[in-house]
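Peer 1: Place chain B on chain A using the hints.
So the protein sequences, as listed, match chains A and B. As numbered in the UniProt record's numbering, residues 1 to 331 make up the first sequence, in order. As numbered in the UniProt record's numbering, residues 1 to 331 make up the second sequence, in order.
None of these hints come from the bench; they were simulated from the model. Mixed in with the good hints there might be a few duds.
Since the list gives no way to pick out one identical chain from another, each pair is judged satisfied if it fits inside one copy or across any two copies.
[To be verified] Straight-line Cα separation of at most 20 angstroms, SDA-like style, residue types lysine to any residue; simulated pairs: (1) 301 / 262; (2) 273 / 324; (3) 25 / 37; (4) 116 / 37; (5) 309 / 41; (6) 25 / 73; (7) 46 / 29; (8) 114 / 326.
Predicted model, so just to flag it, every value in this text is computed and none were measured.
There are 2 protein chains.
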Amino acid sequence: MEEASRIKKYAADITSIREAQDRIKPFIHKTPVLSSETLSSISGRKLYFKCECFQKGGAFKFRGACNAIFSLADDQAVKGVVTHSSGNHAAALALAAKLRGIPAYIVIPRNAPKCKVENVLRYGGQVIWSEATMQSRESTASKILQETGGVLVHPYNDGRIISGQGTISLELLEQAPHLDTIIVPISGGGLISGVALAAKSINPAIRIFAAEPQGANDAAQSKAAARIITLPETNTIADGLRAFLGDLTWPVVRDLVDDVINVEDTEIIQAMKLCYEILKVAVEPSGAIGLAAVLSDSFRKNPVWNDCKHIGIILSGGNVDLGMLWDSFRK
Amino acid sequence: MEEASRIKKYAADITSIREAQDRIKPFIHKTPVLSSETLSSISGRKLYFKCECFQKGGAFKFRGACNAIFSLADDQAVKGVVTHSSGNHAAALALAAKLRGIPAYIVIPRNAPKCKVENVLRYGGQVIWSEATMQSRESTASKILQETGGVLVHPYNDGRIISGQGTISLELLEQAPHLDTIIVPISGGGLISGVALAAKSINPAIRIFAAEPQGANDAAQSKAAARIITLPETNTIADGLRAFLGDLTWPVVRDLVDDVINVEDTEIIQAMKLCYEILKVAVEPSGAIGLAAVLSDSFRKNPVWNDCKHIGIILSGGNVDLGMLWDSFRK
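The shape of chain A in the complex, shown without the other chains:
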């Protein structure tokens, strides 16, 4: 009873996630779940890979962006959406806006990778340049919001985004109903919040682990301190995992994420290599971190490791430059 009432305090719940699924179904890919006896054998566990790298735009971000954009009332939507991002959320928002036929204004720092900018342009997003600092990004976005009257769509600290990402669990637990554990990359916490809320609503006994780079371990530190910790700087190859928890994602992470597994960049690179060589799937560093976590010593030493027999791993994105992949393999 107390549990049920507490769930409603979060920015999303199973109802908003099911609504999101109905809303975005016509637009998203239902991504396949792959398995590999070789990888299961290496890990000593049965592994199920939810391939969000095959999602439109190459990452799970399209689910949340699509839900946010198709949730807007017509009079709001017509003015367009605004965000600041140098990553997959920017392209996802541009693509979802294009599908609804509304403008997307994307503030991009001047140091953003060229391929990510190209993705935004390919989907018809209107790029507004800012300096690389968060201050410049935010002030530029504010200016655009004022000028356009558009709606800000934050990459993760938004109930519509969390609900959209949560649709992954609805699919995954239909495709692999016997999972006892799901491992999810953590950055700002939008993905893991949605996944945890939906999965624990369907199966309260399921374990949700966050996979996080050692060099951006704010979630592990936050869990340990029982409050949001931010870091003065981050240092990881996983460019998608450098954000910090927000006030809407933190309560879910605090309450519903069983533990955070920190891994080194070398482990992430090894996991990318296994994804490529064994699964035949292109996965970016942030996307491979779940496999890295499963194979890590710290997970094997976790007290519940023995009980994690059927593990879902979310391969969250596949936007990785081949040259970067090859360079990292040779290091």
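Peer 2: Showing chain B alone in chain A's frame:
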């Protein structure tokens, strides 16, 4: 009536293919079908990618190998199976033999790709090296057959192999029933024979196109000459597409394959790049040739091109060394 009686003259038919499906179902992956609006837009056609690169062993070959091995009587099986192959058939046979608990003796030419040899070893195949010539491969295999009393499982000129590969069509036409065209890589013809026999049995109006490297265009030449043509040498990046048609596959190719589309290696490399960057899938050169064919000028000039609206493309395998992929992209 005449059509029905002629079908039975081939080494496989819809009945043997359905039997194969029942036989191999417990062992194979039902591979997903991916689509991409970007690639459909580039081609001007709706494309459906049957991802046999996700098959066990990283290629469709496991279907045929599995069917051949589980077709054997116990007293035959116990002596093991023998083949000569530089590629995916070798690994597939080793893996299928391992599942049945029988030995697999694999004759491999010294110039075989490293990742494919590693696959054979990973699956417990017993590697016997030969020189790179077909003569050396065949004489070494003969010697092993005599020594072991094992059964030769030819990579393609075998009804059990053709039937196993044909199960792809059963799955694909269930996953994408509205296809009007399927594009299939052609080498020895085992894959395309199975695919054509099953698909045309289900939908006689469906078109089957072979995709073949210009530098190993024996199938195109054979179709033009109305008899099997072999080449003095082949020259293509697609290491899996250098074999010639056999006496069991040729009649099917002659009668049921609508046309052969020849593509240059540069087109294959471009298709691999698109598979990696857009689909996020690792595809070897032989595997990418179907996409290369769809995007080629010669296909666009084909008289039936306008009628090919929903095209299935078989991504036949994903065993490609990353270094080779990267090198080919930089050329």
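Peer 1: Report the numbers of all earlier hints that the structure fails to satisfy, in ascending order.
Peer 2: none
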